[in-house]
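With the hints as constraints, model all of the structure from the sequences given.
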Amino acid sequence: MDTILKVEDINVYYGSIHAIKGVSFEVNQGEIVTLIGANGAGKSTTLNTISGLLHSKTGNITFLGESLVKTPCHKVVSKGLALVPEGRRVFLQMTVQENLEMGAYINGKASADDLDHVFQRFPRLKERRKQVAGTLSGGEQQMLAMGRALMSHPKLLMLDEPSMGLAPILVEQIFDIIQELHKDGTTILLVEQNARAALHIAHRGYVLETGKIVTSGTGAELLDSPAIKKAYLGG
1 MDTILKVEDI NVYYGSIHAI KGVSFEVNQG EIVTLIGANG AGKSTTLNTI SGLLHSKTGN
61 ITFLGESLVK TPCHKVVSKG LALVPEGRRV FLQMTVQENL EMGAYINGKA SADDLDHVFQ
121 RFPRLKERRK QVAGTLSGGE QQMLAMGRAL MSHPKLLMLD EPSMGLAPIL VEQIFDIIQE
181 LHKDGTTILL VEQNARAALH IAHRGYVLET GKIVTSGTGA ELLDSPAIKK AYLGG
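Its first residue numbered 1, the sequence shown is counted upward by one per residue in the numbering used here.
A hint or two may mislead.
[Unchecked claim] Between beta-carbon pairs, the in silico distance windows are:
hint : residue 1 : residue 2 : range
1    : 218       : 87        : 26 to 34 Å
2    : 109       : 230       : 45 to 53 Å
3    : 22        : 137       : 39 to 47 Å
4    : 105       : 135       : 33 to 41 Å
5    : 172       : 16        : 18 to 26 Å
6    : 109       : 234       : 46 to 54 Å
7    : 21        : 185       : 28 to 36 Å
8    : 98        : 218       : 35 to 43 Å
9    : 109       : 164       : 29 to 37 Å
10   : 117       : 210       : 39 to 47 Å
Just so you know, the hints here were simulated from the structure itself, not pulled from any lab data. Beta carbons: idealized from backbone N, C-alpha and C, even for Gly.
The structure is reproduced here in structure tokens:
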């Protein structure tokens with residue numbers, strides 16, 4: 001299986017705070033890989049470093065065989081790596097369709113085919129295509145953020161806490177959508193506090209604690225681990 005993303009020995013600081021400490025992991029083509037851990041473990045910081053929003057003092061990040069170190073974040077997107085950020089971050093004053101069109105900016109212009117593809121995946125967005133994004137529910141905004149990322153045709157889709165703040169029925173729906181995207185051929189790196197749901201759909205997982213990877217394994221292995229059950233699964 002080809003490695004699509006390789007993270008090697010990254011160390012990230014916020015001023016004097018050492019947030020990420022020697023983190024290394026990889027994502028293979030066609031996988032769902034999840035990073036789990038408590039609040040403040042460094043999950044979002046890791047994704048933001050991969051996407052070029054933050055920078056590591058050491059190590060390397062390789063995507064499709066090419067180093068991303070010192071690559072501006074907008075160029076990272078054009079290479080085929082898209083991030084759906086924590087908190088959705090949709091453009092609240094713009095319509096649903098305008099938000100989606102912004103996701104295609106690296107292609108110059110959103111094609112009708114691309115919009116149709118997203119609307120087939122998210123029928124609710126089609127119904128609300130002319131609606132201002134700020135009037136959508138939390139679940140609809142999450143769908144819009146995912147749809148916007150898909151407009152750039154990502155080879156790797158990174159999702160940061162997609163279930164955060166959503167009602168249980170919507171959480172289930174979002175995880176169903178993630179699995180459908182994977183079946184369509186999208187490789188996914190998922191950061192998620194809902195460890196049980198994430199490990200159920202992931203091929204492999206890495207556990208972050210205070211900026212370090214402390215254990216890893218298949219989704220099934222981590223679900224069965226007594227230590228993981230105690231720390232993250234409420235068992």
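Comparing the hints with the structure gives:
The hinted window of 26 to 34 Å between residue 218 and residue 87 holds, with their beta carbons roughly 30 Å apart. Between residue 109 and residue 230 the Cβ separation comes to about 51 Å, which falls inside the hinted range of 45 to 53 Å. Look at residue 22 against residue 137: about 40 Å separates their beta carbons, and that is inside 39 to 47 Å. The beta-carbon spacing between residue 105 and residue 135, approximately 23 Å, falls outside the hinted interval of 33 to 41 Å.
Under the hint 18 to 26 Å, the C-beta atoms of residue 172 and residue 16, about 41 Å apart, miss the expected range. The supplied range of 46 to 54 Å is met by residue 109 and residue 234, whose beta-carbon atoms lie about 48 Å from each other. For the pair residue 21 and residue 185, the supplied restraint of 28 to 36 Å holds, since their beta-carbon distance comes to about 34 Å. Between residue 98 and residue 218, the C-beta spacing of about 41 Å keeps the proposed range 35 to 43 Å intact.
A hinted range of 29 to 37 Å for the beta carbons of residue 109 and residue 164 is consistent with their spacing of about 32 Å. The hinted window of 39 to 47 Å between residue 117 and residue 210 holds, with their beta carbons roughly 41 Å apart.
In summary, the structure is inconsistent with hints 4 and 5 from the numbered list given earlier, while agreeing with the others.
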